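Work out the full structure, taking the sequences as your base and the hints as a guide.
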Amino acid sequence: MIGIKKIFITPNIDKASTFTCVNKLFDLLKDKDCTLMFHSDYKECFDYPENVTIEDDFLSLLKQCDFMLVLGGDGTIIHSAKHAAQADKPLLGINAGYLGFTANLETSELDEVLKLLDGDYTIEERMLLKISVYDKSDNFIDETECINDAVVSRGSASRIIDINVELNGHSSSNYRADGVIFATPTGSTAYALSAGGPIIDPSVGCIELVPICPHSLLSRPIIYSADSSLKVTFPKRHNASGPKCEAFLTVDGEKVYSLNDGEAVLIRKSDIYAKFIKINKSSFSDILQQKIIDNDRKWK
0 MIGIKKIFIT PNIDKASTFT CVNKLFDLLK DKDCTLMFHS DYKECFDYPE
50 NVTIEDDFLS LLKQCDFMLV LGGDGTIIHS AKHAAQADKP LLGINAGYLG
100 FTANLETSEL DEVLKLLDGD YTIEERMLLK ISVYDKSDNF IDETECINDA
150 VVSRGSASRI IDINVELNGH SSSNYRADGV IFATPTGSTA YALSAGGPII
200 DPSVGCIELV PICPHSLLSR PIIYSADSSL KVTFPKRHNA SGPKCEAFLT
250 VDGEKVYSLN DGEAVLIRKS DIYAKFIKIN KSSFSDILQQ KIIDNDRKWK
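To convert, note that position 34 of the sequence shown is 33 in our numbering; the numbers rise steadily by one, no gaps.
Fair warning: there could be bad hints in the mix.
Capping the alpha-carbon separation at 20 Å, the derived lysine to aspartate or glutamate pairs in EDC-like fashion look like this [to be verified]:
(1) K4 - D26
(2) K254 - D134
(3) K31 - E111
(4) K277 - E105
(5) K4 - E165
(6) K5 - E111
(7) K268 - E43
(8) K290 - E108
(9) K135 - E165
(10) K5 - D40
(11) K23 - E43
(12) K129 - D141
Simulated DEER-style distance windows between Cβ atoms [stated by the list, open to error]:
(13) I198 - D40: 30 to 36 Å
(14) D141 - D110: 40 to 46 Å
(15) S282 - V255: 33 to 39 Å
(16) V203 - D110: 27 to 33 Å
(17) H214 - P48: 56 to 62 Å
(18) G195 - K254: 23 to 29 Å
(19) K62 - H214: 44 to 50 Å
(20) H214 - S59: 48 to 54 Å
Don't read these hints as lab results, they were simulated from the structure.
Since this is a predicted model, take the numbers as computed values, not measurements.
Here a beta-carbon is modelled for each residue, glycine too, at the ideal position from N, C-alpha and C.
See the structure below:
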């Protein structure tokens, strides 16, 4: 017998369909062997059934739950998946946004959530990247995990920048560009795709590099093995009397670092994985057809 499950629900209340979806989840699960958990940020948002608990401590909720259920678009799901990965918790994404490429269910498929209680699902592990920043003396500054992409780019008012990428301690490539994207297979359908990178099956282990508006016809996306260690540095800038050429590191569109002269960024595979729950058994090619190709045709 499967015991009472604790489901940590994280809704994006900025999405119009979220309230209808949460109320339907309440109807589906209120009499089931489960406890629905919400952070106190949402305590005034819904009329809760009796099997709901509300707490102030996000980390405590994450530690207690059996899995997370996230209602929102790709941004909400990616943000939550990083927290879930750090706590080694599986996550089910329900698409309340536009594409919802990282979601496994659509809002029209909410009845399928009941399969969580029966254990009728599989888990797909996806690799993360570990992003480390070092100063010009090679002293460690900070480190964070990346589930989608890490982007090294120029400032909004600065000139094109020169970027050097070393592979496993050896000089690899030099780019004169607006920036460079380092993406996981999960992130290959995000910014990297918009910049001309290939779509990668999320079950593949690799690191994708995509130059942003490179000033060369020969600069093309590169796929590195998952075990690669990539170090980003900036060649000594000329014309020191001219305007400063700023560079920034943005991780998953959330965390931003200002990179000064001499600082370096190290990109490697993380030791932890994001665990995405799969109830809908669609293949990657099915999802690609539905989420990208069919949606693209709507605009033509």
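Now the hints, each set against the structure:
1. K4 - D26: Distance ~16 Å between K4 and D26 Cα, so the pair holds.
2. K254 - D134: holds, 18 Å
3. K31 - E111: holds, 14 Å
4. K277 - E105: Roughly 12 Å between the alpha carbons, so the hint for K277 and E105 holds.
5. K4 - E165: violated, 47 Å
6. K5 - E111: Holds: K5 and E111 sit about 17 Å apart, inside 20 Å.
7. K268 - E43: The given pair, whose Cα atoms are some 40 Å apart, is violated under the 20 Å limit.
8. K290 - E108: With a Cα-Cα distance of about 16 Å, the restraint between K290 and E108 holds, given a limit of 20 Å.
9. K135 - E165: holds, 16 Å
10. K5 - D40: holds, 18 Å
11. K23 - E43: holds, 17 Å
12. K129 - D141: holds, 11 Å
13. I198 - D40: 30 to 36 Å: With a Cβ separation near 35 Å, I198 and D40 satisfy 30 to 36 Å, so the hint holds.
14. D141 - D110: 40 to 46 Å: Between D141 and D110, where Cβ atoms are some 44 Å apart, the hint holds.
15. S282 - V255: 33 to 39 Å: Between S282 and V255, where Cβ atoms are some 36 Å apart, the hint holds.
16. V203 - D110: 27 to 33 Å: 32 Å Cβ-Cβ, so the 27 to 33 Å window holds.
17. H214 - P48: 56 to 62 Å: holds, 59 Å
18. G195 - K254: 23 to 29 Å: Holds, since G195 and K254 (Cβ atoms, about 25 Å apart) stay within the stated range.
19. K62 - H214: 44 to 50 Å: holds, 48 Å
20. H214 - S59: 48 to 54 Å: Since the Cβ atoms of H214 and S59 sit about 50 Å apart, the hinted range of 48 to 54 Å holds.
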